[in-house]
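J.: With these hints in hand, go ahead and build the complete structure from the sequences.
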Amino acid sequence: MRVPPKYAQVLAVALLGAATLLTLVVLVFIIVFVLTKGLPTVNAAFLFTVPRDMGRSGGILPTLIGTVLLPLLALVIALPLGVGTAVYLTEYTRESRVTRMLSFGADCLAGIPSIIFGLFGFIFFVVMLHMGWCLLAGGLTLAIMILPTIIRTSEEAIRAVPNAYREVSFSLGATRWETVLKVVLPNALPGIVTGIMLGIARCIGETAAVIFTAGSSLRMPTSVFDSVRTMSVHFYILAREGISSENAYGTAAVLVISVLAVNLVAYGLMHRFISRRTR
Amino acid sequence: MLVAFSALASLLLIAVFILKEGVPFFFKYGLGHFLFGLTWDPQAGQFGIYPMIVASLWVTLGAMAIGAPLGIAGAIFLNEFVPRSVLRVVKPTIELLAGIPSVVYGFLGVMVLAPFIRAHLGGPGLSILAASVILGIMVLPTVISISTDAIGAVPNSYREGALALGATRWQSVTLVTVKAARSGIIASIILAMGRALGETMAVIMVVGNAVKVPHSALDSARTLTANIALEMGYATGLHREALFATGVVLFVVIMLLNAMATSAIKAGGRRA
Amino acid sequence: MLRQWMSWAGVLFLAGVLAVAGCGKQRAAFTMAGSTAFQPFAEKLADQYMAAHPDVSITVQGGGSAVGVQAALSGAAQIGMADLVTLPPEASPLKSLVVARDGIAIVVSPKNPVTQLTLDQVRRIFNGEIRTWKELGGDDHPIAVVSREAGSGTRSSFEQIVGKVKLTPEAIIQDSNGTIRETVANDVNAIGYLSHGLLNDRIKAVEVDGYLCTEESIMAGHYRLVRPIFLLTRGEPGATSKGFLDYILSEEGQSMIHSNGLIRAK
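Residue numbers (this note's numbering), protein chains in the order written: chain C, 43 to 321; chain R, 493 to 764; chain U, 13 to 278.
There's no promise every hint is true.
[Unchecked claim] Far from chain U, some chain R residues (derived; all Cβ distances over 12 angstroms):
(1) Q535
(2) P543
(3) V574
(4) V581
(5) F599
(6) V604
(7) G615
(8) P647
(9) M693
(10) D711
(11) R732
(12) A751
[To be verified] Reference listing, derived: stretches of chain R covered by chain C, where coverage requires no fewer than 3 residues with Cβ under 8 angstroms from a Cβ of chain C:
(13) 520-527
(14) 736-747
No lab work stands behind these hints, which were simulated from the structure alone. In this text, all values refer to a predicted model and were calculated from it rather than measured experimentally. Note that the Cβ used here is the ideal one computed from N, Cα and C, for glycine as well.
T.: Here's what the structure looks like:
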């Protein structure tokens, strides 16, 4: 029996809408759950004082700083490398067996559990290179961990830029590098930002790899050679060792709010950038 | 070029590191015993990971069965059937899900989902089903945001062409847009699958980690990643090598899944 | 875009310069790492010690007992922390010091009518020989055994003291005190074990051989499920770390350990 296209459309849209709604309901449930459990603990003192008594009382200031610094450092390392690799793979090489193998390898690494990255970082950076547990070792490890995501998403975004754009740019006498810089990358920006957001999110949410490389010291970091504890690690330790569920959920609530803030800022910047270009 | 190679070299370094630590174990213990052994008892020197391979596959498939349809449906709906401004608000909100630490999902699983499953469906609650649901939710942001980008990148002229030929909106979506965005959608699924297979902390909390071959979705089981993370903190000697070897197996499983997906793209490409 | 990257690189470089400059400060510093069970205690002890000795800087890291042993051996940490009944053979070059003890409580849901077990019953429950609560005078429900991961200090201590434990493959494994507590609190059929400092009203400790897991019964030697917490150093501890170790064993250090849920070393 053939369903007339019109009814098929109504049915399909209803199904898709229902699926989207379900996704949103789950999302809202999780956020509301975390916030209702956590927000009562959160106030200015919680945010801006140092933890006391194993984190049972006091605030989360050092972990807040750690959560800002560590993903930032990872991103500063991973972003140029990742986008550069994606540009190289898409713009400077023809699709060949080698490039296919390379992106295949990157895909595979995306699935390696973070604890393995953590162990690698521990043995390579912390012990072999004598860095000790520190921001730098953590940043490098996390950078390697998010590279596959950044490479893959940037690659997709760059491939999606229509070839006509490049051809126009070449015909105007631009070099390949100028084309990449002024035409390809700006047009691929939304996709690259998605990759960045996923990467930052993964760094912020990561626990295993961070504990092994950046450590879990509650002290305030003063240099990249100091150990830090991120909010995720703080939540992990508080909740798992059963130290204080109030402060654990408070930390989770702050975490959710900061990720939201990061997302909003990034999107705001991106839209301003796009609208300025198209004007 | 230097940049590309240093990035790839660092990835290669990790791969070599895992292989170096894990592969010798295959020869010492015997690949067959390792892959198809039913007993995992490190203290007794028994390292069979068959139950965990089965569990990992079930959990990953379950997660994808939940996450992929929901995610792709969401991406299509948000791109094609609602105003742009809605997408602009909803997409960042969904990406927010990716920033919630997996430990938080794990606790939600233990406190809300597992008791629910135990009360309504039976079994211990901490089960393959619980892990699949939690992972399915966790991979949603990956699927939705990458698919959304891919669908959004399809030039509007394609859709207009289809509509001009008399197709309904839905026909233009299935016949044109999704086909054109296929590579991106599949990339999102591959990344999500990698995420599901590789996720550790949340899975450890909700899957129960019993070392036995699961018989139903309500059984407790242990995945490959959970096995590594649970015991790596303590393992020494042969036990440690066995855990790295588990990592190698995981790597191979991921490679196989990716190869399958890649060839699926190619086969699809030829037909289109 | 490029300019943005370059400015980032500049920021990173500056941060590096500042970092190197910051290392010039002269302070006696050392690192502790290992057991996640003792980590919070070490942090608090370190804070108290540093308040009294502003010239000393102590960094505390987690990672687990094996990391404690490895870090002490490799010198990544000057003091390793481990919570095992017996230390692994590779720890033999290390000097060990018992700084606290920890009781292991057998816990069930508060809704479970069973209140006491013998050590032998505990063994048979965890071996999967006793499978329903009815056999123990409770309701007719299957027992859900919850244990820790292989190698965990709590688990190996538990198995060693209970003796002849061959954990049933049906057992659910959780990898921390906190998740064990959540699992048992949420499942009326569950039985598990955890550090006695984590007991609260959401779970119920059962008597083992007639004794509850309390400070008194442990000190008196009646309650048998107890494990030591070791601090490990490579060779004799240096002057700075020696001062800290002495502080931990002092009355002030021990009473802090005691008031936060662990048991005095002696």
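J.: Now tell me, hint by hint, if it's right for this structure.
T.: The hints, checked one at a time:
1. Q535: violated (7 angstroms)
2. P543: violated (8 angstroms)
3. V574: holds (31 angstroms)
4. V581: Given that every Cβ of chain U is farther than 12 angstroms from that of V581/R, nearest at about 27 angstroms, it holds.
5. F599: Its Cβ does come within 12 angstroms of chain U, the nearest being 7 angstroms, so this is violated.
6. V604: Violated: least Cβ distance 9 angstroms, not greater than 12 angstroms.
7. G615: violated (10 angstroms)
8. P647: About 24 angstroms separates P647/R from the closest Cβ of chain U, which puts it past 12 angstroms; holds.
9. M693: The claim is violated: M693/R sits with its nearest Cβ about 9 angstroms from chain U, within 12 angstroms.
10. D711: violated (9 angstroms)
11. R732: The claim is violated: R732/R sits with its nearest Cβ about 9 angstroms from chain U, within 12 angstroms.
12. A751: Correct as stated: the minimum Cβ-Cβ distance to chain U is 32 angstroms, above 12 angstroms.
13. 520-527: Violated, because only 0 residues of the region 520-527 of chain R bring their Cβ atoms closer than 8 angstroms to Cβ atoms of chain C.
14. 736-747: holds (count 5)
In terms of the numbered hints stated before, the structure departs from hints 1, 2, 5, 6, 7, 9, 10, 11 and 13, listed from lowest to highest.
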